[in-house]
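Asks: Below are the chains, spelled out letter by letter.
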Amino acid sequence: MPTVFDFERPVIELESKIAELKSFANEKGLSLETEIGTLEQRASELKQFIYGNLTPWQKVLIARHPERPGSLEYIEVMITDFEELCGDRLYGDDAAIVGGIGRFEGRPVTVVGHRKGRDTKENLARNFGMAHPEGYRKALRLMKQAEKFDRPLICFIDTPGAHCGLGAEQRGQAEAIAKNIMVMSALKIPIIVLVIGEGGSGGALALSVGDRILMQEHSVFSVSSPEACASIIWKDSARARDAAEVLKLTAHDLLGLKIADDIISEPLGGAHRDKEEATTLLISAVSRTMAELTAMGRDQLLDARYQKFRKIGVHLVSDSSGA
Amino acid sequence: MVFDFFKKAKYFTVKQDVKRDIPEGLWVKCDLCNEILFTKDLERNHKVCQKCGHHFRLTVEERLHITLDPDSFSEYDAELESSNPLDFPEYSGRLATAQEQTGLREAVITGEGSIGGHRVVVAVMDSHFIMGSMGSVVGEKITRAVEFAQENRLPLIVFCASGGARMQEGMLSLLQMAKTSMSVGRHSEAGLLYISVLTDPTMGGVSASFALLGDIILAEPGALIGFAGPRVIEQTIRQKLPEGFQRAEFLLEKGFVDRVVPRPQMAGTLAGLLSLHERGGV
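So the sequences go chain by chain: A and B. Residue numbers for the first sequence follow the working numbering, so the first one is 146 and each next one is one higher. Residue numbers for the second sequence follow the working numbering, so the first one is 622 and each next one is one higher.
One or more hints might be untrue.
Unchecked claim - A partial selection of chain A residues facing chain B, derived with a Cβ cut-off under 8 Å:
hint: 1; residue: Ile181
hint: 2; residue: Glu185
hint: 3; residue: Lys289
hint: 4; residue: Lys293
hint: 5; residue: Gly310
hint: 6; residue: Gly317
hint: 7; residue: Gly347
hint: 8; residue: Phe366
hint: 9; residue: Glu372
hint: 10; residue: Leu394
hint: 11; residue: Val462
What the hints assert, rightly or not - Cβ pair distances, simulated, as ranges:
hint: 12; chain 1: B; residue 1: Leu862; chain 2: A; residue 2: Thr225; range: 34 to 40 Å
hint: 13; chain 1: A; residue 1: Met441; chain 2: B; residue 2: Arg774; range: 40 to 46 Å
hint: 14; chain 1: A; residue 1: Asp238; chain 2: B; residue 2: Arg852; range: 26 to 32 Å
hint: 15; chain 1: A; residue 1: Gln452; chain 2: B; residue 2: Phe866; range: 37 to 43 Å
Just so you know, the hints here were simulated from the structure itself, not pulled from any lab data. Just so you know, even glycine gets a beta-carbon here, dropped at the ideal spot from N, CA and C.
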């Protein structure tokens with residue numbers, strides 16, 4: 146049974162009515178085309194309306210949709226000759242982050258990305274896409290390797306956040322994330338960051354310091370998960386919906402804040418409703434961006450990356466008479 | 622039942638920590654060992670409890686006072702102030718209250734001064750200002766200080782004290798991690814020294830950025846240092862954390878800090894380290 150959200154119910158109900166009517170017409174040999182046409186028209190309008198006016202919280206739900214394509218689904222189609230590479234060479238391999246090398250439109254690239262599970266079993270194996278330090282250190286190793294062999298880097302962002310637990314702290318979760326951020330900011334290769342689901346906190350940022358941050362239409366990126374934010378601000382994680390409304394976490398909001406560089410359209414209703422179309426749209430965005438970045442000189446690329454992050458933030462300049 | 626009732630009444634105990642009538646400001650109770658300390662003595666001891674060695678949290682002013690050579694400090698970017706870029710509910714009010722309570726414009730003060738005669742760029746965070754959280758202004762001031770240090774080929778010392786990224790500025794706060802780390806990376810590439818001093822608490826988005834990127838990382842005894850907060854971890858794993866978990870000594874043992882330095886020795890240690898990095902020798 147596919148996951149259906151409350152706000153989608155009118156669409157789903159109408160679509161099933163149409164399907165019913167069609168099979169009824171077939172069975173009885175009736176011609177109901179006009180009626181069906183009207184209903185289909187209504188369904189399409191309803192979809193446009195509902196999916197065009199999603200609240201931030203509804204976007205969070207779509208970004209977390211269990212059937213939403215993740216990094217591996219996109220890699221499978223986008224990247225040919227993909228070879229997965231594992232391990233951080235220090236402690237272990239972390240399945241919450243996948244990485245490897247392959248070709249994008251014929252050009253060798255390095256790919257790293259968070260990986261949530263598609264079912265309970267995979268989710269347990271991949272810790273729901275929440276990485277330990279070894280995951281970030283694996284990513285770091287592959288990023289440096291990409292630089293050594295002068296391959297562009299593509300990162301997929303899809304994580305609720307870094308794992309929070311004893312082992313993660315003991316092995317230096319903070320240090321691992323900090324190191325990734327610093328190293329990425331100066332990697333001498335083009336870096337394309339694709340936010341494909343939810344980007345949560347430092348655990349997402351650890352793979353996000355790129356030349357371009359492209360966000361899928363229904364993806365979100367936030368300073369912490371709405372649940373964690375609600376718990377910090379209001380001491381009540383149940384107010385996640387309220388937090389989502391004020392955090393400015395949608396692709397549209399982040400384009401406005403100049404954090405996202407572009408929005409990649411999704412099929413109506415979200416990537417999970419038409420995976421093929423979603424992948425096509427993603428590929429064409431990456432293709433365009435790749436051409437742009439590979440045409441830039443190394444120094445120009447690095448300067449632009451520095452400027453991109455350097456400029457982020459809003460402050461006032463008050464008179465100097467003291468606070 | 623009745624006997625139980627009388628029994629209980631007989632044995633009712635007086636709590637040990639009944640509020641004593643302490644004149645405001647003259648005495649202070651140690652958070653750790655509950656010892657009542659004479660404020661003047663505590664201040665003379667760099668706000669370290671004489672009985673148990675607990676390091677009280679410092680204000681920026683206190684930190685600058687005990688660290689820098691007298692009258693050597695000059696502040697940068699004092700005029701930078703936070704706005705409420707996301708129109709986050711109640712944020713403007715919280716900023717105003719924090720400013721009023723601390724007398725600071727934001728959670729970090731940056732500038733330059735000298736330690737043992739060595740010129741240095743410093744940034745000092747203050748946990749009394751919205752838990753030292755990092756929003757746009759904290760990130761901007763630290764980045765400008767790092768850039769100034771790089772342009773002028775000066776060493777950099779950051780005293781970290783922060784709960785992490787400031788929720789009320791959302792992604793703008795998260796991206797300050799990238800901005801600050803990036804500038805620290807360039808400073809490092811230029812062959813310059815960055816000493817990070819972790820004080821209580823150094824958590825979240827600050828520990829996961831510039832705080833843990835120092836060439837040399839020192840910590841104050843007992844400082845809480847980590848990525849996820851201890852309460853969050855306890856809720857997630859549903860068990861109590863071991864004694865001393867995420868404390869400075871724990872990080873030393875795990876290899877994430879170079880030294881745990883008691884506060885009275887901090888300025889001397891910093892002066893020594895700065896001296897060892899002076900170019901051209903004496």
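Asks: Each hint should be assessed against the structure and marked as holding or not.
Replies: Going down the list of hints, with the structure as the test:
| no. | hint | in the structure |
| --- | --- | --- |
| 1 | Ile181 | 45 Å, violated |
| 2 | Glu185 | 39 Å, violated |
| 3 | Lys289 | 14 Å, violated |
| 4 | Lys293 | 18 Å, violated |
| 5 | Gly310 | 6 Å, holds |
| 6 | Gly317 | 5 Å, holds |
| 7 | Gly347 | 4 Å, holds |
| 8 | Phe366 | 6 Å, holds |
| 9 | Glu372 | 11 Å, violated |
| 10 | Leu394 | 7 Å, holds |
| 11 | Val462 | 5 Å, holds |
| 12 | B:Leu862 with A:Thr225: 34 to 40 Å | 47 Å, violated |
| 13 | A:Met441 with B:Arg774: 40 to 46 Å | 29 Å, violated |
| 14 | A:Asp238 with B:Arg852: 26 to 32 Å | 30 Å, holds |
| 15 | A:Gln452 with B:Phe866: 37 to 43 Å | 40 Å, holds |
The structure does not agree with the numbered hints 1, 2, 3, 4, 9, 12 and 13 stated previously, though it agrees with the rest.
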